[in-house]
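**Q** Sequence:
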Amino acid sequence: MEQSLVVVGGGIGGLATALAAARAGAKVRVLEQAQTFAELGAGIQLGPNVVRVLQHWGLETALRKVAAFPERLEVRNAITAQVLGVLPLGDRALARYGAAYATVARADLHSLLLSAVQTQPHVDLQLDTALTTVQQDAQQVELCTTQGKSIATALLVGADGLWSRVRQHLQPGSPPQATGHLAFRAMVKQSTLPARVRSQVITAWLGPKFHAVQYPVRGGDWLNIVVIVQGHSPGDPSSWDHSANAHELRARLAQAQAPLLDLIHAVDDWRLWPLYDRPPMASARDQAQGRIALLGDAAHPMRPFLAQGAGMALEDAQQLAASLQTHPGDVPAALAHYAQVRWQRNARVQARALRNGEIFHLRGPMRLGRDLSLKLLGKRLLDMPWLYGYKI
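The sequence shown lines up with residues 503 to 894 when you count with my numbering.
Just so you know, the hints here were simulated from the structure itself, not pulled from any lab data. Each hint should be verified, as a subset may be incorrect.
[To be verified] Straight line, CA to CA, 27 Å or less: simulated DSSO-like cross-link-like pairs of lysine-lysine:
| id | residue 1 | residue 2 |
| --- | --- | --- |
| 1 | K567 | K711 |
| 2 | K893 | K881 |
| 3 | K529 | K893 |
| 4 | K529 | K651 |
| 5 | K877 | K711 |
| 6 | K567 | K893 |
| 7 | K567 | K651 |
With the sequences and hints as input, model every part of the structure.
**A** In structure tokens:
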């Protein structure tokens, strides 16, 4: 495949796109508005469907050096601490899906992808370069940058996140909207925590109007914690990372029981992320139009109730490269194929994540019904072959 493309955004999705396309023979230019490549945030989960993509790119060994591979997922009632359901991972995930279930720090995954991209001779990484305008016609896409440069390309990929400038060109006047949730996040060395709250498994704690998830990262030496509660965004909505008041979080979770409450009290440094979203995908045009493709959060923000936000970006990247190989020399046909394949998959994941959020935060009698269902059908409800078994 002899193809050139421009990728806007040097985060996880943008670097994944550059790597997948370069491995397929394309020449890639990545435009990143920041002055350095960096990935903020805490941890992310990578299901077997995502680890499989990294395996395809030859990154399994690199992943094993920085990730953790929990043996199981537990779902517990945050008020009673009772275990509601368990999904074995570890060897079972490997045997069932041909790939492991991993947990990793976002910065480590970003660094892993950046190192891989930097070995590709046909990838040009440009920092401190932001997009100002985009125009496309039947033959090409022309974009201008804040440096006053004009760039013409046969294919433009918007991997520039939730507040995407590329998406704004395709769908003007549709800014993200607050979901009414706040995410408190922390990542701490396990050695600094009391022994009773250290953990090497994934635990999801379900409570009324809140839930928490904890899991190991960095080979199990660190613990990632996220607590999602109902609330409104403080300050500038596009500035998604805020310092958080530990006392506020502890007050919100006062009814939780040990060991969750013990863990919350053991951590002092929290970051606050207000959650924003867009309407669910409705058609292939939400994924690509003409010679412009959207990818990851720029196309389909994922609520964090299914742990597949980064995963869908990596799947997008691999499918885009595969579609370009399927339709060599015909960018519109390749993007039409990419969009048709990906939008339905992404829409299904969006819908399931939205549903999970409602289930996680149930109160009253409906909470009791949820807990009973998990006790009776835990493994069947938690295992999702349609999600984890997906292959591109």
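**Q** Broken hints, numbered, in rising order?
**A** Of the numbered hints given earlier, those the structure breaks are 1, 7, listed in rising order.
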